Every structure is written in structure tokens, then in C-alpha cells.
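Each chain, letter by letter, is given below.
There are 2 protein chains.
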Amino acid sequence: MADGERLIYLALGGAGEIGMNMYVYGYGRPGRERLIMVDCGVTFSNMDSSPGVDLIMADPHWVQARADRLEAIVITHAHEDHVGALGLLFPRLKAPVVYARRFTAAHAKLKMERAGQDTTLVHQVDPWPRTVQAGPFTIGFVPVSHSIPECSSIVIDTPAGRVVHSADFKIDPSPVVGEPFSPETFGEIGAQGVKALVCDSTNVFVEWPGRSEATLAGPIGELVREAKGMVVATTFASNVARLKTIAEAGQAAGRSVVVVGRAMKQMLATARTAEVLDSFPPTLDPQDALEMPRERLLVLATGSQGERRAAMAQFAAGSYQGMELKKGDMVLFSSRTIPGNELDVARVLNQLSERGVRVVDESDGRYHVSGHPNRPDLVTMHELLRPQIVVPNHGEHRHLVSHVELAQGAGRQGLVAANGAIVDLTGDEARVVDHVETGRIYLDGTELIGATDGVVRERVRMALRGHVAVSVIFDEEGRPLGGSWAEPRGLPDTDRYPDGIGGALEAAIDASLGRAKKAELANDDTVERLVVQASNRVCMDLLGKKPVVTVMISRLE
Amino acid sequence: MADGERLIYLALGGAGEIGMNMYVYGYGRPGRERLIMVDCGVTFSNMDSSPGVDLIMADPHWVQARADRLEAIVITHAHEDHVGALGLLFPRLKAPVVYARRFTAAHAKLKMERAGQDTTLVHQVDPWPRTVQAGPFTIGFVPVSHSIPECSSIVIDTPAGRVVHSADFKIDPSPVVGEPFSPETFGEIGAQGVKALVCDSTNVFVEWPGRSEATLAGPIGELVREAKGMVVATTFASNVARLKTIAEAGQAAGRSVVVVGRAMKQMLATARTAEVLDSFPPTLDPQDALEMPRERLLVLATGSQGERRAAMAQFAAGSYQGMELKKGDMVLFSSRTIPGNELDVARVLNQLSERGVRVVDESDGRYHVSGHPNRPDLVTMHELLRPQIVVPNHGEHRHLVSHVELAQGAGRQGLVAANGAIVDLTGDEARVVDHVETGRIYLDGTELIGATDGVVRERVRMALRGHVAVSVIFDEEGRPLGGSWAEPRGLPDTDRYPDGIGGALEAAIDASLGRAKKAELANDDTVERLVVQASNRVCMDLLGKKPVVTVMISRLE
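Residue numbers (numbering that gives the first Met the number 0), protein chains in the order written: chain A, 0 to 556; chain B, 0 to 556.
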């Protein structure tokens with residue numbers, strides 16, 4: 000390690016929130032570090048703060064301004080919150096190469112292709128102990144178990160020492176599909192000396208050890224065996240192991256397996272092509288399923304989060320591809336509800352209940368296990384790697400704090416480094432040396448916009464308060480021609496004014512303009528102000544809310 | 000009981016959802032039954048389906064059309080989901096009398112007063128075994144424990160037998176504030192013969208018996224005793240017992256108690272006036288609290304659901320009334336997060352965490368207990384009353400189904416009767432004999448509107464897709480005068496068109512009108528259609544979304 004060089008870590012997304020993972024490592028002289036990015040994910044919008052937004056991603060402007068120093072992008076696994084923004088943000092990053100293992104690389108290429116980017120930049124790498132070089136970084140992909148096939152912890156060797164970036168993982172000796180977690184491998188990696196562990200924190204509040212994916216085969220098998228009518232099961236489309244467990248439960252019970260929903264079919268196809276899925280029960284076409292007795296069917300369907308367009312929501316609302324759920328049928332939600340989706344999921348569960356369908360969810364813990372490390376599993380990881388420093392990531396702020404306390408309790412260094420904190424990992428003590436501004440980018444339809452641009456804030460205001468369009472025409476002498484025209488949208492009407500809210504608005508606007516001086520009427524800004532004030536006053540008086548007002552002033556010449 | 004008369008039950012709100020409770024009982028000849036309404040509550044809006052809506056309540060049109068037969072409205076307790084709509088809907092119901100016990104009546108009067116209704120119609124009644132008469136109904140208010148003082152189960156005696164309407168309850172021998180649940184009293188009521196129990200179902204999926212409010216004093220006392228800095232605690236303002244437990248924990252730890260937030264102060268004042276609260280530690284004015292060392296303070300604050308304007312959210316965002324939370328302080332959420340509020344609560348928790356504040360919530364079950372009956376408590380209630388028929392209410396559909404299964408498992412009749420189902424309770428077997436249309440009414444600002452009126456749907460559309468106002472002026476000859484004017488709100492701009500999205504819209508609209516025949520331009524509907532089509536096409540092409548379009552056509556004459 001040359002004098003004056005340093006090793007830095009920076010989260011641009013994912014540290015202080017769950018989702019939208021984007022991490023940067025740098026090595027070199029301050030201000031001239033060579034960089035790698037680990038993961039480039041999205042998070043999902045909600046009506047409260049981002050209505051109409053399609054996807055949310057971290058703003059990579061810090062890297063963008065240093066794109067000439069970006070050596071590579073590394074993708075740990077194929078979940079959307081780790082790879083979903085790759086194609087969309089690639090034009091701003093222009094990395095020379097994207098590294099991922101086979102199944103993950105297939106998804107990364109798909110993201111690049113859909114965004115019109117060069118898919119040949121995605122390089123498929125072999126797992127640890129093989130490594131790839133990216134500037135001063137030697138990078139290894141260590142297989143770990145998770146809730147999707149082929150996740151990798153990343154070993155990053157630098158002249159200043161070794162960092163292990165855990166990525167999402169669970170300690171599962173029998174993950175059903177994909178590679179088990181290998182304590183031996185992590186023990187060896189630890190024995191070689193680890194400076195810093197940057198580590199998943201999502202489940203730090205869960206006090207008991209995580210359960211293996213393999214423990215679900217029994218309970219799910221029993222549930223399906225005892226079911227009488229049709230069985231429809233849902234889980235995350237990417238949880239290929241779960242799909243296999245459920246499908247095999249159906250097969251064992253003498254049922255034909257039907258897979259519906261684009262995301263699920265595509266995930267299974269990719270898993271087969273990438274050879275991470277070696278066996279799966281034969282599946283039946285939905286068309287052919289219509290010919291089968293319903294008690295001989297097991298349907299795997301997308302929509303575990305209550306998504307309105309997914310197969311499960313359509314089953315709940317009536318039917319999907321001709322298949323209809325009835326009294327005596329059973330639905331299994333083998334999935335956790337992501338915070339924010341509670342009402343959507345409850346709506347689907349109740350619609351199914353109204354149809355007389357028996358609904359089984361994960362609330363008693365028998366039919367779902369998490370893909371993340373619980374508190375005791377984090378202890379195991381810390382003990383295997385014995386890092387000098389633990390830097391928690393992938394978690395809300397309170398998760399990071401609790402994870403640091405866990406590390407410190409065992410006599411290790413721990414550091415809370417939320418999005419934007421540049422951490423210098425070079426010396427014996429990790430320190431936050433700088434803060435950079437972070438932000439969010441919205442995919443809004445087909446455009447990328449800044450979260451603070453005001454576009455979405457304006458939509459939120461219209462959602463809460465409605466909109467009034469007002470047209471005012473002035474004649475050649477600068478006098479209002481006829482009356483104003485006010486057109487409300489999303490505002491209740493009122494019988495407290497004879498001509499309703501539109502009439503009340505027009506009367507007030509006309510009166511206000513009628514009182515104005517000629518010079519005032521000649522100024523568009525003044526006219527706009529008068530119209531907005533009159534509109535707000537009327538709406539507050541009659542309706543109790545101030546709408547968004549758009550004023551269109553036309554002048555005849 | 001005269002020949003040809005019947006006893007009916009009808010839920011207009013609360014059966015098939017949690018919140019918005021509104022139940023009707025009728026007795027008499029079919030179509031001429033005399034009626035009582037039990038509870039008249041609200042539920043809360045959310046951005047997904049009801050942005051900008053202030054309150055949601057059941058549509059009482061079925062009762063409204065029969066208001067001349069309405070004998071009384073009975074209010075079981077003062078929670079908003081039971082009394083919140085009383086004043087707002089009273090003009091449609093015009094009941095001759097509203098019955099409630101003392102503390103509840105005080106709240107009912109407040110609701111009437113705020114809506115400009117006659118408060119003298121609210122009559123304060125004494126508890127069971129005293130009763131009041133309302134037409135053919137003899138009505139008794141049996142004290143039960145709940146998470147607010149002075150809740151009542153309602154005993155409704157009719158010529159066709161006795162119905163017990165449980166209302167919200169828990170089986171708590173030591174509720175800290177208010178009356179304990181009396182198994183003896185319910186046993187006696189049961190021994191006199193109960194035809195039907197209409198019963199709270201919210202916690203039917205919780206397998207263990209409910210815990211007493213009194214069990215919290217130990218854990219909360221210990222938590223506060225060991226706290227180092229300032230302590231701020233929140234819970235539902237109406238949970239007077241919890242406020243008392245927390246305040247006493249502060250007092251015992253040598254802390255001065257400060258109460259902030261309008262709802263909490265008002266609830267404590269009403270509880271004192273109605274004599275349901277006999278003792279409470281002395282409280283300190285927030286102004287005086289600023290003079291105290293922070294480790295000598297315990298602040299009770301509103302905002303347990305992450306409400307943006309409440310005291311807790313303001314503490315999280317910086318300070319409240321001069322008091323500021325710092326590293327070393329502690330915040331206690333002694334409350335459950337109501338489904339739908341998860342993201343708001345998480346936001347507040349993380350803001351607090353970022354300030355270095357230790358946050359303790361109810362996730363390990365030590366600092367909060369529910370006010371509703373869990374599954375074993377429902378069994379106890381069934382066994383005490385031994386009803387012929389159990390009709391579950393106050394729950395989502397799947398709660399009602401599970402509660403019926405519980406009753407049937409013990410050999411009782413059970414009937415799922417969701418909102419709108421008229422249940423005939425007269426004979427030995429309860430039956431659904433009719434369905435009436437139910438609905439929701441929104442308080443939108445100051446107006447009451449139907450949920451299906453389209454006003455709110457239009458706001459949702461603007462939230463998702465933005466709005467474009469277009470003004471087109473035609474001259475005396477019916478030709479477009481100048482160009483059109485398009486003003487987008489809540490739409491991203493684009494660099495894929497030189498003059499941005501506004502320019503692209505105007506060019507497309509002008510081109511479309513330029514191609515139109517003179518006769519088409521003379522017809523406002525045709526012009527509007529052309530403008531909307533052109534706007535949609537441009538926005539889909541350039542932005543990937545179709546906005547709401549308001550077209551204003553002016554014709555010079």
C-alpha cells in the first residue's frame with residue numbers, strides 16, 4: 000500500500016432504508032480513488048409520497064461526476080433492489096464492465112437490453128476462490144444462500160486490506176435450490192484477515208436463528224395433501240426454491256402444477272437456462288388445466304404483495320385465465336407482506352374470504368422463512384469473519400444502530416454509516432470523513448426525474464386538494480371579455496352556492512378582476528395572483544380546501 | 000311476541016372491515032320494524048383510495064329512508080370508529096334521542112355540537128341493571144373493559160328474545176382506569192337466556208388470552224426508571240389507563256410529567272369531568288418544562304400512528320414547543336401500528352434514530368396490550384352468555400369467517416353477516432333474508448360526498464397521471480385564434496421535444512385542429528375530443544402516461 004492512499008466506502012442507497020441498494024468502494028489518493036459500485040437497485044413507489052412513479056432509484060451523481068474512475072459495477076444477486084436500476088442508470092455511469100455470476104448476469108443483461116444498453120458489457124464470472132481484477136480491487140464472488148438462487152457475498156481485496164460485502168444472505172445449510180452457506184469457506188476467508196465487514200441488517204431485530212428453506216417442505220406438503228378443492232399458492236416470483244417446494248408438494252399430492260403470471264414463468268425459465276434449477280415437476284398449460292378436476296390442480300401465481308394487476312388479485316376479483324376460485328378451495332400466501340403493502344394484501348385476502356376460499360398465510364410462521372440473517376445469524380457471520388470493523392448496511396437507520404450495538408457488544412468496532420457518509424477504512428479505526436449529498440431519482444412513465452423536482456409534489460397536492468383551471472380573456476382594450484371560466488376537477492360540488500362551485504369561483508374571480516385597476520389587469524402576474532386568491536378564498540369558504548389553480552390568460556390583439 | 004313480527008339485525012358498516020361501525024336492530028312486522036342504531040363511527044382515509052378525504056363513514060341511507068321508525072341511537076363508547084360520525088350524519092337520521100353513559104355522552108355531545116346539532120338530544124344513561132326503553136327495545140349498558148374508559152356491551156331485550164351486542168371489549172379484571180369486566184354479570188345475563196350474541200371479531204386470529212392493562216405497570220416502570228435522558232412516550236390519546244400508567248411510571252422515577260397534543264389533553268380533561276379518572280400525577284406546563292433538567296422529564300405526546308402534524312412527528316423532525324430530543328433520550332411507542340400506518344410510523348422511528356434517540360416500541364409485546372378479545376377470550380364470552388346464535392361483527396371478512404368457525408366448533412350456531420345482510424333472528428335458526436346496498440360517505444373538506452361520486456377518483460387519476468389544462472379560442476368565423484395553450488401540472492418535462500412537453504402538446508393540438516373540418520370545429524364536443532386525443536397521444540409517446548385533460552373552449556362572437 001503506497002503512502003497517502005486510502006480505502007473508502009460510501010452508500011448512495013440502502014443504508015438508512017430497505018431497498019434501492021447502491022454502494023461504492025474507492026481506493027487511491029484522496030480525490031483520485033479508483034472506484035467500484037456494488038449493486039444498482041430500485042425501490043418501489045407509494046401513493047403517499049410518490050404517486051404515479053414507476054420505480055425509485057438512488058441518485059448516482061457522485062459516481063457520475065467521477066465516471067472516468069469507475070472500474071466496474073458488481074451485482075451480488077438478481078433481486079430488483081440490487082439490479083433493477085442497472086439499465087436505467089447505466090447511461091450516467093458508463094462503467095467499462097459489469098460483473099456478476101451466471102444467473103445474475105442473465106438478469107443484468109435483461110435490464111441492460113430493456114434500457115437499450117450494451118449487454119456485452121456484462122461479464123459472467125466464476126465463484127470464489129476465482130477472482131476478477133478491477134483496478135486496485137481483486138474481487139471474489141462467494142456463494143451464499145438467500146431467497147433467490149445464486150447470491151454472492153463479495154470479497155474485495157485492496158492494498159489496504161480485505162473488505163467483505165455480505166450482500167443479502169442467510170445461513171442455510173439446505174436452501175433447496177442453489178448453493179448452501181458454507182461456514183468453512185467464510186471461516187477461511189476470515190482466517191486470512193478481514194478489515195471490514197459491510198453487512199445486511201434487515202433482520203437485526205429478530206431474536207431467534209433463521210430457519211432453513213428445507214423446513215418448509217413438511218408443513219407445506221401436509222397443507223396441500225389435506226386440501227380438498229383447488230389450491231392456489233403465491234410467493235415472490237424470484238424465490239425459485241419456494242416455487243419448487245410448493246410444486247413438489249402438489250406433485251406428491253397427485254396434483255398437476257400450473258404456473259401463471261409472467262414474472263414467475265420468466266424466473267423459472269432463467270433458472271433452468273442458467274442451470275441453477277436442476278429439477279421441477281412438469282407443469283400444465285392453464286388452458287389444459289380447465290379440463291382437469293379442480294381438486295387435482297395446484298396453481299402457482301404471482302401477486303403475493305396484493306399487486307392489483309397480478310394473477311392472485313385477479314383470482315380474488317373473479318377469475319384468471321378461465322380458472323375460478325370457489326368455496327372449498329384454498330389459497331396459500333407463502334410470503335411476508337412488505338411494509339406499505341398491508342392494505343393491498345388484506346384486500347385480496349378478504350375478497351378471497353368472501354368467495355368462501357380458505358386463506359392460509361405466514362402469520363403462524365409455518366409456511367414462510369426469511370432470506371435474511373436474524374440477530375443470531377449476524378453473530379455467526381461476525382464470528383466466522385472476525386472483522387476489525389463492522390459497517391452495517393441494507394437497513395433502516397434503527398437497524399444500522401442496533402447492528403452496530405451488536406458488534407460493539409462483542410468487542411468489535413462498529414460504525415453507523417448512512418447514505419452519503421464517506422467512511423475511511425484505511426487505518427485501524429474506521430471514520431466518517433465526509434458527507435456527500437444523496438438523493439432519489441424517479442422513473443415517471445418513461446422519464447427519469449429528480450425526486451425533489453416538484454413534479455410529483457404537484458401531483459400529491461392535486462390528490463389532496465383537487466385542481467381548478469381558470470381561463471380569462473382580455474379584449475383589445477385590456478378589459479375582461481365576457482366572464483372568466485373556472486373548471487374544477489376532483490373538487491366536490493356544493494349546494495351552498497346556487498350555481499355550484501364553478502359558478503361561485505367565476506363570480507368571485509369576475510368580482511376581483513372588476514375591482515382591479517386597468518394597470519393591474521395589464522400585468523399577467525397580477526391577474527394570476529388575483530385569480531388564485533379569489534379561487535382559494537371561495538374554495539376554503541365553501542369546501543374547506545385550497546385547490547391547485549392553473550390560470551390561463553389570453554389577450555386579444 | 001305478536002304473530003308475524005320479527006327481530007332483525009343489519010350491519011351498515013364494520014362487518015367486513017375494521018372501523019366505521021354502524022349497526023341496526025329492528026323489531027316489528029316486516030317493513031314496519033321499529034329501529035335502533037348502535038354506534039355511528041368513522042374510519043380513516045388513505046392516499047391509495049381516498050386522498051384528501053378527511054373522514055369516511057358508512058352511508059346510512061337505509062335508515063335515512065326509514066328515519067320515522069328510528070327510536071334511538073345507542074353509542075357504546077367514545078372511540079372515533081363508534082361515535083365519530085354522529086354529528087355529521089345526524090341531519091340524515093334525526094333520531095329522537097341518543098343514549099350513552101356519562102363519559103361517552105360527553106364525547107357524543109361534542110360531536111353533535113361541532114356539527115351544529117342539538118346536544119340536548121344526547122341522554123346520559125345509567126349502567127346495567129338499569130335500562131332505557133326505545134320502542135319495543137329495552138336497552139341496558141353493561142360495563143366492559145376496553146382501551147378507553149367506560150365501554151358498554153348492550154343488552155337488547157325484545158319480544159323475540161335477548162340480543163347482546165358485545166361492542167369492543169376485553170376480559171380485564173384490572174383495567175387501571177374504568178370498570179373491570181365482570182364474568183358474574185355476564186354469567187347472569189347469559190343465565191336469563193340469550194338468543195344472539197353480536198360480537199367483536201378483530202383479534203380472532205390471536206391464539207393466546209389477552210393480557211390485563213395492569214401488567215404493563217411493571218415493564219413500563221422499569222423502562223422509565225432506567226432511562227437516562229428525557230423520556231417521551233406516546234399511545235392512543237383515548238387510552239386514559241395507559242396515560243396514567245406511563246405518567247405514574249414517570250412520577251415514581253422522580254420525573255415531572257408533561258402532556259402535549261390537543262387530543263390527549265382534551266381526553267384527560269373529559270375523563271376527569273366525567274369522573275372516570277380518579278387520580279393522575281400532577282402535570283407540568285411545557286413552558287415550565289424548559290427550565291427542568293431533561294432527565295427529570297417525562298413527556299406524554301400524541302402521534303402514535305406517525306401522524307405528520309402530531310407532537311411525536313414534530314419531536315422527530317426537530318422540536319416541539321421548545322423541547323428537543325437528543326442523543327441519550329428515549330422514546331416509547333406504547334401502541335400498536337394500525338394497518339396502513341406502517342410507513343408513517345417507520346419514518347418517525349428512523350428520524351428519531353438518526354437523532355441518536357433510543358426508540359422502544361411494542362414489538363416484543365412488553366409495552367402494549369390490546370383492548371380487544373383474543374380467540375380464548377371470545378370462547379370465554381361465548382361460554383358466559385351461551386347464546387343460541389353467534390353473529391360476528393367488527394372485523395374484516397376473514398375475521399368474521401374464523402369467528403363463526405370458532406362458534407360452530409363449540410356446537411353453536413354461527414352466521415357470517417357482512418355489511419348489508421339483513422339477518423332475521425326471530426326463529427330458532429338465524430337466516431340472511433335480504434341484502435341492502437351499503438356504501439361509504441366521505442367528508443371532503445366540509446362537504447359530504449358519496450364515495451362513488453367520482454370526485455375522489457378524479458383526484459387519484461391526477462395523482463397518478465398529472466393534469467393538462469388546454470385553452471382554445473375561436474374567432475368570430477369559427478377559426479382557431481392564435482395557437483392553443485397547454486399548461487401541464489404534475490407532468491415531467493422532456494428534452495425529446497425542443498419546446499418541452501407544453502410545446503409538444505400545443506403543436507399536436509394545433510395540427511389536429513388544423514386538419515379538422517369547419518363543421519367539426521363548430522362543435523365543442525368534437526373539439527374537446529380532438530384536443531384530448533392529441534394530448535393523450537403526445538403524453539403517451541413522450542412520457543409514457545395519459546394525463547387528465549381539462550379543455551376550455553372560448554368562442555368570440
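These are computed hints drawn from the structure, not numbers from a lab. This one's a predicted model, so the numbers in the text were calculated from it and none came from an experiment. One thing to keep in mind: the hints can contain errors.
Identical chains share a label here; the pair holds if one copy fits it or two copies do between them.
What the hints assert, rightly or not - The calculated lysine-lysine pairs, modelled on DSBU-like cross-linking and capped at a C-alpha distance of 30 Å, are:
| # | residue 1 | residue 2 |
| --- | --- | --- |
| 1 | Lys516 | Lys227 |
| 2 | Lys93 | Lys544 |
| 3 | Lys264 | Lys544 |
| 4 | Lys516 | Lys325 |
| 5 | Lys326 | Lys517 |
| 6 | Lys227 | Lys326 |
| 7 | Lys325 | Lys264 |
| 8 | Lys545 | Lys227 |
| 9 | Lys517 | Lys227 |
| 10 | Lys517 | Lys93 |
| 11 | Lys516 | Lys544 |
| 12 | Lys93 | Lys326 |
| 13 | Lys264 | Lys227 |
Results for each hint:
no.: 1; hint: Lys516 with Lys227; in the structure: neither (80 Å within a copy, 65 Å between copies)
no.: 2; hint: Lys93 with Lys544; in the structure: between (47 Å within a copy, 28 Å between copies)
no.: 3; hint: Lys264 with Lys544; in the structure: between (48 Å within a copy, 27 Å between copies)
no.: 4; hint: Lys516 with Lys325; in the structure: neither (71 Å within a copy, 55 Å between copies)
no.: 5; hint: Lys326 with Lys517; in the structure: neither (73 Å within a copy, 60 Å between copies)
no.: 6; hint: Lys227 with Lys326; in the structure: within (10 Å within a copy, 57 Å between copies)
no.: 7; hint: Lys325 with Lys264; in the structure: within (25 Å within a copy, 51 Å between copies)
no.: 8; hint: Lys545 with Lys227; in the structure: neither (56 Å within a copy, 45 Å between copies)
no.: 9; hint: Lys517 with Lys227; in the structure: neither (81 Å within a copy, 67 Å between copies)
no.: 10; hint: Lys517 with Lys93; in the structure: neither (57 Å within a copy, 53 Å between copies)
no.: 11; hint: Lys516 with Lys544; in the structure: within (29 Å within a copy, 42 Å between copies)
no.: 12; hint: Lys93 with Lys326; in the structure: neither (55 Å within a copy, 42 Å between copies)
no.: 13; hint: Lys264 with Lys227; in the structure: within (26 Å within a copy, 55 Å between copies)
Violated hints, listed in ascending order, are 1, 4, 5, 8, 9, 10, 12; each of the other numbered hints is respected by the structure.
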